[in-house]
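Listed below are the residues making up each chain.
There are 2 protein chains.
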Amino acid sequence: MTVRQLHLNLFIYPDGHHEAAWRRPESQPERITDITYYQELAQRAEAAKFDAVFFADGPALADNIRYAARGGLEPITKMTAIAAATERIGVIGTSSTTYNEPYNLARQFASLDHLSNGRVGWNIVTTSSAAAAHNFGLDAHPAHAQRYERAEEFLDVVTKLWDSWEDDAVLADRESGVYADTDKIHRIDHEGRHFSVAGPLNAPRSPQGRPVYVQAGSSEDGRSFAARWAEAIFTAHQTLENAQEFYADIKARARSVGRDPEGLKVLPGISPFIGSTAAEARALEEEFNDLTQPAYSLKQLSNLVGVDLTAYDLDGPFPTEVVAPVGDRAFHSRSQLVLDIVARESPTIRQLCHRLAGARGHRVVAGTPVDIADTIQEWAERGAADGFNVMPPWLPGGIDVFIDEVVPLLRERGLFRTEYTGTTLREHLGLDRPASQYAPTPQKETA
Amino acid sequence: MTVRQLHLNLFIYPDGHHEAAWRRPESQPERITDITYYQELAQRAEAAKFDAVFFADGPALADNIRYAARGGLEPITKMTAIAAATERIGVIGTSSTTYNEPYNLARQFASLDHLSNGRVGWNIVTTSSAAAAHNFGLDAHPAHAQRYERAEEFLDVVTKLWDSWEDDAVLADRESGVYADTDKIHRIDHEGRHFSVAGPLNAPRSPQGRPVYVQAGSSEDGRSFAARWAEAIFTAHQTLENAQEFYADIKARARSVGRDPEGLKVLPGISPFIGSTAAEARALEEEFNDLTQPAYSLKQLSNLVGVDLTAYDLDGPFPTEVVAPVGDRAFHSRSQLVLDIVARESPTIRQLCHRLAGARGHRVVAGTPVDIADTIQEWAERGAADGFNVMPPWLPGGIDVFIDEVVPLLRERGLFRTEYTGTTLREHLGLDRPASQYAPTPQKETA
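Line by line, the protein sequences give chains A and B.
This note's numbering applies: residue 852 is where the first sequence begins, and numbers increase by one.
This note's numbering applies: residue 852 is where the second sequence begins, and numbers increase by one.
Cβ pair distances, simulated, as ranges:
hint: 1; chain 1: B; residue 1: 1103; chain 2: A; residue 2: 996; range: 54 to 60 Å
hint: 2; chain 1: A; residue 1: 996; chain 2: B; residue 2: 1111; range: 51 to 57 Å
hint: 3; chain 1: B; residue 1: 1096; chain 2: A; residue 2: 993; range: 48 to 54 Å
hint: 4; chain 1: B; residue 1: 885; chain 2: A; residue 2: 1038; range: 23 to 29 Å
hint: 5; chain 1: B; residue 1: 1107; chain 2: A; residue 2: 1274; range: 56 to 62 Å
hint: 6; chain 1: B; residue 1: 1199; chain 2: A; residue 2: 1274; range: 51 to 57 Å
hint: 7; chain 1: B; residue 1: 885; chain 2: A; residue 2: 1271; range: 18 to 24 Å
hint: 8; chain 1: A; residue 1: 1259; chain 2: B; residue 2: 1027; range: 36 to 42 Å
hint: 9; chain 1: A; residue 1: 1198; chain 2: B; residue 2: 1019; range: 38 to 44 Å
These aren't lab readings, by the way, just hints derived from the structure by calculation.
C-beta: ideal position from N, C-alpha, C; glycine also.
Here chain A stands alone, though its shape is the one from the complex (with noise of 0.2 Å):
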């Protein structure tokens, strides 16, 4: 099989994605709100030739902020100060539709396009915390299926924001005193069961014409999602077989809605200690999960399949009697994730929580910089991911490991790009720029 040039994104998280990471005397926790250091990761990532740099988020403080070093910047502001201090990378942050105003957000991707020269993206997401919800005043969380509903009529209002000036609006003709022709720049009259939206957004098309789409979800809901909008899909996975599933299914899903599934990128996330031996690098890993804090880790797994934990022994077997089906629940699939790990490896309750410590339930492997190629390449060839969102246990000396030991292999195998060969992040993704929905239908050329 030819093997296509594979997407790498660095997912940012403060210290890194192990939860103990911050306790490592190679961690930086002091500058978690220092913007220097992310605009440095991402200049790092960027000297890589990476895709783009990704940021989660949630419009809550983390409960277990006591034991982890969480708390920092907000990610427009964020995206916006490394988009200053980049000039080729994409930005990918993450803003939920359940907690913002279409018109806002629209106009603060909007904006972040034009100053980034097109390398903007927006990872969608519809916040599954019960704490956000009391931040804005609504008692309960919306339940997963009316977020869903949301998140449909959300995109749809943003979209019709981001189209609302045709490319060729601006006219800026000193002599005539004409600025913009208004006959390109359209209201969008938006009714509907959620938002009420007139429009047109206030700023000009952008480079890219939208934010690349970005989303996780991975339930039902999130899939039939996906396959509508997404772009590329950031996505959890322990195994090849669970991770060539899905990306059957969600380009299958494309595919079924008149989509080219090649618009859509999947990136599972990998998060990988890097040694000179696989022992060495199993050994790494085991000093990051000695730094574990059981009234974190518990708490984290307590939360991730709703149950409390906290009254059971830890190094018993994990109580799966006790965990409901999974329905309605908040993190639909991390939670299945973690039930497939309980059936496949019956760990101890300790175990599983060293094995969720890593990155939260997303694939950490631990190997040589040939062990880490050989999996990438493989899931590469065997239909499992366009690409991967590298998730470092520790930041920033993880990614530098990943960049100096594991890309140079990458290259050697024709797998991952030595140069730029676009400016924009639909460019480094193969991702068409859009058309205007309200631009005329280009007229074809008749013989």
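Here the structure of chain A is known, so what remains is to put chain B in place on it, guided by the hints.
What follows is chain B alone, placed relative to chain A:
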């Protein structure tokens, strides 16, 4: 009277404040979405040791985009990119209490204050445009009094959020594994008429504690809001007498609510046309006025006074009789200001349009550098201003003339700094850093 150091902000309007500036050969309307344009302007103001740059905003497209260079970058992103490209100058941007959620706004300004190392100010507006309402699901714009009621509660909520982490809440103690002292991170549990917000904010307290609170309303509601909350007031006055009345009133109101009037800086707008002779300056203003377009100017004036004037003779008198008394109308103070000009000068409609073309009702002065410095000094010495929001008629060149010709005179007279003495916007403005309302009151030392 001893004159203290003045404060100077550069109020950046894309091509300058004169409505026809974009038609002049020295303008750069093609850079309206080019962030480097704004970064360069901020760098010039920083080199001249200005206190801050300032941006207006409204979440809707101006309805006269055909004739005006409008619709550019969104303020939070623009401010962030400017902070990333400067080191000392303050960055003040406008956000609406009517069309934002307090948790979202609090996060973005806290993040901006972190990443700028304490240089951010928030220009608090309630937004007075019906077009904005239609972008946020409202049929009609909320009435003035309702907007101010929501603004009061909004300020209460965001202030609590900015105070929710005590300054020393983050420990980052690798050894014990305790990242934050959760006894110093406070839920706000706000339950009010407009908002229910649990908190805490998901970011540590920022360098300035809170952004500098800036405000511009001059109505009765606006003044009483300013007296309680504002630390800097941006205000429009055509005459020394009006400015003196406002200055005395607002300082008295601050005193009456128990505040030190020094903690509230009054900064009128000034838009200077500068020439080597007064006649040359006036001729330059005329050149700009000659490029105005009645279809645009009349619409602006009609909006300002709430009456459609398009059927009136441009060279006839302003029809005072059809303008309703100033009441709940949007742009209260600006509307009154127009009526005052009419009462004082009896202009034709065209003359009135020209008076307003320069800076939308702010004071336009045409003169030599000495004339400009003299009027600035007079207003400062006679109790009308603590500084000025400088509104160049055209940009980028208009600010260079002011910096090169007027600022040196102000320095010779001991009115303006030659070097920054502080690093934060609060320090530039001579404002205290507020303590968190949740921090224990410091014990007084006893003998």
